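K.L.:
With the hints as a guide, bring the two chains together.
First to last, the sequence lines map onto chains C and Z. Numbered according to my numbering, the first sequence spans residues 1 to 323. Numbered according to my numbering, the second sequence spans residues 1 to 382.
What the hints contain is simulated information worked out from the structure, not anything from laboratory work. Among the clues, some could well be false.
Stated by the list, open to error - With a straight-line Cα cutoff of 20 Å, these simulated SDA-like cross-link-like pairs (lysine to any residue) come out:
1) Z/K67 / Z/A211
2) Z/K170 / C/K89
3) Z/K170 / C/D234
4) C/K89 / Z/I238
5) C/K89 / Z/A211
6) Z/K361 / Z/E371
7) C/K89 / Z/F9
8) Z/K170 / Z/W282
9) C/K89 / Z/G237
Said to hold, decoys possible - Quick partial rundown of chain Z residues pointing at chain C, CB under 8 Å, derived from the structure:
10) V12
11) L49
12) S153
13) M155
This structure is a prediction, so every number in the text was calculated from the model and none was measured. Glycine is no exception: its CB is placed at the ideal position from the N, C-alpha and C atoms.
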Amino acid sequence: MLLKMIFTSDFFFSVLRITAPILLATLAAVIGEKAGVSNIGLEGIMMISALFGSLTAYWSGSWAVGVLVALLFGILVSLMMGFFAFNLKTDIILTGIAVNMIGSGGTLFLVKVITNSTEGKALASTTSLITKSLQIPSWNIPLIKNIPVVGDILSGHCILTYIAFLLVFLTWVLLYRTPLGLNIRSVGENPNAAASVGVSVLKIKYIAIAIGGALSGLGGAFMSMYYAMGWSQDMVAGRGFIALAAQAMGAGEPLGAMLSALVFGFAQALGIKVSATGVDSNLVSPIPYLVTILGLVVFALVVRRRIRRQHSSAALQETASDK
Amino acid sequence: MNKRRSLIFSIVRGLAAILIALAVATLLIYICAEGDTAADKGAQTLSALHQLLVGPAFRSNGALSTKNLCDILAAMIPITFTGLATCVMFSANQFNLGAEGGIMLGAFTSALCAIYLPLPGGILPLVSVLAGAAIVAAMMLIPAVLKTRLGVSEMVCSLMLNYVVMYIIKYLLNSHLADKSKGQIQTYEFQSQSLIPQMVNNGSKLSWGFAIALAFVVLTALFMYRTRWGYAIRMIGINKDFAMYSGIKVGGVIVLSQVLGGMLAGMGGGLEMLGRYNTYSWSALPGYGWTGITVAILAGNNPIFVPLAAFFMAYLDKGCSLMSTYSNVPSQLIDIIQAVIFLFFAAEQFLSHYRQKLVVKSTQEEMKLKEAAASAAEGSAK
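Next up, chain Z with everything else stripped away, as it sits in the complex (with noise of 0.2 Å):
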């Protein structure tokens, strides 16, 4: 199949998984609409859908919301992160989960250097967030080396981490770290000279982090595609077998695509807590892990188009608060409509016998180019 079929299938294929999907939140809106007849309903739905699907990008006038739009692109900033983080460790075929704790825990972090390090500014939110990264690349150290000493799952054991991960923060929020003189529990306020300045002043916090993960995007896609290790990676996701007996160091390779997919999340959590937050206050998972899963599946694992797939998110993910905001239809909608996409997107026989159909199409052009070809060398010959 030549590379313009293929790219037509990918779209068809992404297109018709992100209907399907639609499609589902549509029958639940449907559901969720209140109203004595059919056609009330289904003008409830509407609206709802317009919320969901345009409310991000135009107001009710129809001008474009920059104010919409840039919360969009802050909200990108986290699952950017964790997108890139499971691009690189997935490549690797190693399904760590523990970008969730991973982004935690980098974010509480680089709040603590932001409130106690006395460093001025400039330096402080540098080494602030990589302080959040390095430590998040450490704890993935545990189910990486875990994992190829002993063989033990790095799923389940990233899984675990993100619980005790969770609840330690918890405690030393709790016990130690908490502003008391604050009704809610949160940690004293960041030093001033440690926030990371916005990019635009409309109170959408979209802060330069966002620059900042555009870049990583570039970094981890040229490390990915260009440089020996990113191969070494994504040969061992491709066949681990091979790869050993091709001479990578199959063991170091597995843990480099874990410490770093641990120091993007930890990063990303860094950025996020202080381009947004003035204090630290998460006291359970942020579920910006998972959503990055979603992204790095949309992406198809490659790093180029993981600010792409972490749009389409957040825009959903917008849309969904809107619409909660304008309708009764609840805001978690997102996860159902993100978990049928996941599905859809995933799967590798969805509409495979399209994909066999174009397959046949580009052979029998193929093969009738080559007889044509043949035949005008029979004539040229007599």
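Chain C with its partners taken away, still in its complex shape (with noise of 0.2 Å):
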């Protein structure tokens, strides 16, 4: 009785639609990681261009220059994190730091002194400039809509959901089916090895970053101005960190990172749903953040045990050849 009530289409409708933002951010994670930058700023950097993405669409009044604005800054924060970790080298954690200083409060900062300069008032928030119209449209795919669960699961969402899983399958082309896929992961395996061969190591993590800047600056978007009507703080709540794990837990990989992406989501929604039937939320909310650890500790124990049984076969066909 009480799964019929949580486990509805709708439910999974909302799942997807949680998912997206964490897998655009997992995605970024995931190719930082195969180039070998591990980068936690992406938090900051869904934050920054989340402001960024929602005050473009309000003043151009179109949600695309909104996105697009809101993928270069993500873009250029990265950029910005590159010079300091490979050119400067700051370690690329403390990088990752710093920039969610700025994201948590450097950006309540620049929305404080922004709105105030526009509108002659003080806005600790861009929830009040974001309207209808400036959302990020929705999409009803033709003849799907119209299959009874299925079509009220996958059919009317946000234009970017579709986008985030498609570029699932375009960041596995892009690692192993285009030269820059290979020269990424051979920076990533071994930047030694990549260099002799004459690949430019810093140009390639540079692009790395980049291409994770982009994707989370998609996802600050998603965040801004679908997921909420415009910009409050530390509304990320840590989704660029969730997606760190989510990387870990799908081995980096795109597809298992979706899959991981997809557990958070899950986790989520149905937080949601049990607050909704009554339960303080405070006790929900956590859930989300507990799954993270226990998934990376469920994988941490089946890549152990996968060493293990590797290790142990081939000692067995050792001890065969022998004889």
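P.N.:
In structure tokens:
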């Protein structure tokens, strides 16, 4: 009975909706890690591009311009990170922490300054600026929308949601079917070997971090222009960090990362559903974060077991060939 | 490069980082300033900068402002502790970012003890603060043990724990512990004997927690530089494989560094709570953990320099809040200044050309000395 109440087609629709921004950031983490760049600034990048995306959407009156600007800001911030991390040799983790500082406090500073100078009053958010017409539009898939349950779940999502899932495939193609992807992977696995065959390690790392910036910029746009109507303080709420966990849990592969992002989306959707039944929302809000830790543990255990099994089968073969 | 030169280099480098940050701040303040002409805006920028840099120390008539200075010293208490915690954990190359949740959990635990434990004065604050420290130390076991046993990233794990801690505290506060007779969400008041006494009575909330913080700076420094364990922690940070081959139990020491870090963060939370407030009402992460990371970076992970870095950050913070009250520059400017200082301070290659010059100069001098000594020896041989 309770299960029937929770697992409605509405519920699965919201799983996909909640997963989309996490998925975008997760793909950013996947590409970064493949190039050996652990970008923990995804959270901050999402905050910054969410802010500028919603502001430019308001100024230009067009959601498309807003998304584009969010994407550009993602790239800009990530290139700045690259400059500090690769050229000035700041530890990449510390660079990420600095970006997150700007993302949490600095954005509030900027939103106060910017809205003050344009609106004549101090707003601490841009929630009143994004109206229904500036929201990223949804799309009803022809044919599929008419199928009873499946249509309710799959059709009618925001365009960016479809793009996010499409990007899983594109990321795979990029990493495994293009020369650039080969370079990214080789730089991540062995930078010296890559450099010795003439690959510019610096350039590849810049490209990887910039692609990650673009992806998390899209995630930021999704947050402020679809998920919530406008930017507000700390609205990303750790999704950039969850993405790092999803990357690790998905073994750094696009498909695995998508599955683990879906797990988090599921956990969060479940939390929202449960709190709607009257349970204190503060009690269910930590569930996605706990699931993240649990997921990392399970993943580590599985990997360890697999390695052990490989070792033991190798040893068995050795003894067999000795005889 | 001799010791004096490398000291000069670090000072020049630090000052350059701070100057760049202030230049960025000036630019942002100028953009904020209202005014029609450039001169108008310039004047406003100058007065805002004056508030930011001089305001915390001096009153407008030029006299030293003891109240503001006490405020700054009081604000140093939590960030000194999170700074120390970060120093210990980062020294072992453990990027545990849980000091943020740790200080909140420590403050909450101490607050509960201060409300509900029936103990006499003197013992109650001690027990409360120690309970906070113990709980956070236990919390840090989670990322530490998962790291050493399973290789789970301590960074991601501690970040997630921060959120878990925050929501659970919010839940407990809202549902079970709130004093329903009050307008805002807060606990019942602490028992009066649990409060940590104030050092000066001018409303600045400078409690004896400050003295305890300084004592822990010395203790942590002694631990890190004068004990076997501290040496092991630093050695693992410098070269983990070397530490392992020289017989250091790497796993145990990694756990130790994070548990100690948690203990320090929790203690800071307890002292801050009982020294400043008389009821618990934090419903969001306080941000001291992140400032603590900046403090540790500024101090170069050396506990002795933590108070200096903490003073600097507290001074800037006070300056920013003064500035926001007297001009229309939002106080969150501090986050941008902090991030910029942070980035340049941690940048290894920042001013590397200047460093190179100093190295060359030192070597040339050394070679000259040697040549002179050699020719003198030749001369005496003849």
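K.L.:
Mind checking the alpha carbons of Z/K67 and Z/A211 for me, to see if they're no more than 20 Å apart?
P.N.:
Roughly 18 Å separates the two Cα atoms, so the pair holds.
K.L.:
Check the hint pairing Z/K170 with C/D234 against an upper bound of 20 Å on the C-alpha distance.
P.N.:
holds (16 Å)
K.L.:
Holds or violated: Z/K361 and Z/E371, Cα atoms, limit 20 Å.
P.N.:
holds (15 Å)
K.L.:
Would you settle whether the hint for Z/S153 is holds or violated, based on the nearest Cβ-Cβ distance to chain C being less than 8 Å?
P.N.:
Because about 6 Å separates Z/S153 from the closest Cβ in chain C, which is inside the 8 Å limit, the hint holds.
K.L.:
What's the verdict on C/K89 and Z/A211, does the C-alpha distance respect the 20 Å limit or exceed it?
P.N.:
violated (37 Å)
K.L.:
Does Z/I238 lie within 20 Å of C/K89 when you go C-alpha to C-alpha?
P.N.:
holds (17 Å)
K.L.:
So, Z/M155 near chain C? Judge it on the closest CB pair being under 8 Å.
P.N.:
Holds - the Cβ of Z/M155 comes within 8 Å of chain C, reaching about 7 Å at its closest.
K.L.:
Do the alpha carbons of C/K89 and Z/F9 lie within 20 Å of each other, as the hint requires?
P.N.:
holds (17 Å)
K.L.:
Have a go at the Z/V12 hint: is there a Cβ in chain C nearer than 8 Å to its own Cβ?
P.N.:
violated (16 Å)
K.L.:
Answer holds if the nearest beta-carbon of chain C is closer than 8 Å to that of Z/L49; otherwise answer violated.
P.N.:
For Z/L49, the interface hint is violated, since the closest Cβ of chain C sits about 16 Å away, which is over 8 Å.
K.L.:
For the pair supplied as a hint, C/K89 and Z/G237, confirm whether the alpha-carbon distance does not exceed 20 Å.
P.N.:
Satisfied, since the Cα-Cα distance of roughly 18 Å is no more than 20 Å.
K.L.:
Within a Cα-Cα threshold of 20 Å, do Z/K170 and Z/W282 meet the stated pairing?
P.N.:
Roughly 8 Å separates the two Cα atoms, so the pair holds.
Comparing the model with each numbered hint stated earlier shows that hints 2, 5, 10, 11 do not hold.
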